[in-house]
Amino acid sequence: MTEKTRDANWAGSFFGGPRDFYGTTYTRFGRLPKDPEKEIDGVLALLKPEPGSHILDWCGGWGRHAIPLAKRGFRVTILDFSAKYLERAREHAEREGVEITTVCADFRDTPPHIQADYAVNLFTAGLGYFGEEDDIVALKRLFAALKPDAKVLIDTISLFWIVKNFRGHNWEETADGRGRFLHKRTFDFGTNTERAINTHQDLDKGTEETANVELKLYCPADLARILKSAGFVPQELYGGFDGSGFNFDAKRVVMLAGRP
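Residues in the sequence shown are numbered from 8 upward in steps of one, following our numbering.
Check before you lean on any hint, since a few could be wrong.
Stated by the list, open to error - Simulated crosslink set (EDC-like; lysine to aspartate or glutamate; CA at most 20 Å straight-line):
| id | residue 1 | residue 2 |
| --- | --- | --- |
| 1 | LYS78 | GLU101 |
| 2 | LYS235 | GLU57 |
| 3 | LYS41 | GLU179 |
| 4 | LYS212 | ASP27 |
| 5 | LYS147 | ASP124 |
| 6 | LYS78 | ASP48 |
| 7 | LYS78 | GLU44 |
| 8 | LYS212 | GLU180 |
| 9 | LYS171 | GLU201 |
| 10 | LYS147 | ASP113 |
Stated by the list, open to error - Taking CB as the label site, the calculated pair distances span:
| id | residue 1 | residue 2 | range |
| --- | --- | --- | --- |
| 11 | ASP48 | LYS154 | 18 to 26 Å |
| 12 | PRO119 | GLN242 | 16 to 24 Å |
| 13 | ALA52 | GLU103 | 16 to 24 Å |
| 14 | ASP116 | ASP229 | 18 to 26 Å |
Simulated from the structure, these hints should not be mistaken for laboratory data.
Note that the structure is predicted; figures quoted are calculated from it, not measured.
Backbone N, C-alpha and C define an ideal beta-carbon position, used for all residues, glycine too.
With the hints as constraints, model all of the structure from the sequences given.
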C-alpha cells in the first residue's frame, strides 16, 4: 500500500466516507461557515475575476462556495476526492438551477485539462492534511491546471492564531444538549503540526465515535514559500475575506497568488 493510498483511506473516512465524520459532526456543532454567500462577496472582492470566467473550486467539497459562484454567472468546476460530496454538490446545483462541472480526484492528481482562469481553496481544504511535501506536489498540479496569468486565492487557518489560542483539551455541547464534541490536541514544534483526537458523543444513543486528524499549519511566510516552490507568485496577504490586514490575531491566512 502506498503512502498516498494510506492518506486517501484516512481522508476518505474522515471526509465523505460511509461515516463522514467531518460532514456530520462539524455541521451538527456549527463548525462550518454559516454564510457562504457573504464569504463569496469577500472572495470576489479580493480575487476580482472577470465576469463569466472559469473558476476552479479546489477541494470544494459539496459546493458551499461553488454554488454561490455559479449563481453569479461564473463557470465553475469543483474538484474533490469525495464522490459523495460531489454528488451532493450536483444535487444542490440542480435545485438552484445552475450548472457546475465536477472532477473527482485527489488534489495531488489535479488534472491539467481543467485550464481555469482562477482558483479558490477555502476553509483549510486539502492543504496541510498530508504534509508539506505533498502540498507542494498538489500546488504544482494546480499550477498546471490553470491558464497563464491565472490567479489563486488560498484561505487556511493561521499558525499564529492556533498557537496563541492552543488548548490541549476542551469540549463543547450541541445547543440541544444531546451531543458532545471532545478534543485532545498535541503540537509538534518541529513540523508545526497539530495532532487532534476528536470524539463525538451522541448522548441520546449513548454512543461515541473518534477520528484522529493531523494538520500541518502555515504562517504567511511558509505558505508563500510553498506557493513559490510550485511556480506561483504571491501577491497579496490578508487576515480575512474582508480584506483586513494580517496580524497575530487574524484567524485566517488569506493569500492571493498569480500563475505566470
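The hints, checked one at a time:
no. : hint                         : in the structure
1   : LYS78 to GLU101              : holds (11 Å)
2   : LYS235 to GLU57              : violated (24 Å)
3   : LYS41 to GLU179              : holds (18 Å)
4   : LYS212 to ASP27              : holds (18 Å)
5   : LYS147 to ASP124             : holds (16 Å)
6   : LYS78 to ASP48               : holds (12 Å)
7   : LYS78 to GLU44               : holds (10 Å)
8   : LYS212 to GLU180             : holds (15 Å)
9   : LYS171 to GLU201             : holds (13 Å)
10  : LYS147 to ASP113             : holds (13 Å)
11  : ASP48 to LYS154: 18 to 26 Å  : holds (25 Å)
12  : PRO119 to GLN242: 16 to 24 Å : holds (23 Å)
13  : ALA52 to GLU103: 16 to 24 Å  : holds (22 Å)
14  : ASP116 to ASP229: 18 to 26 Å : holds (24 Å)
Hint compliance for this structure: hint 2 is the single one not met.
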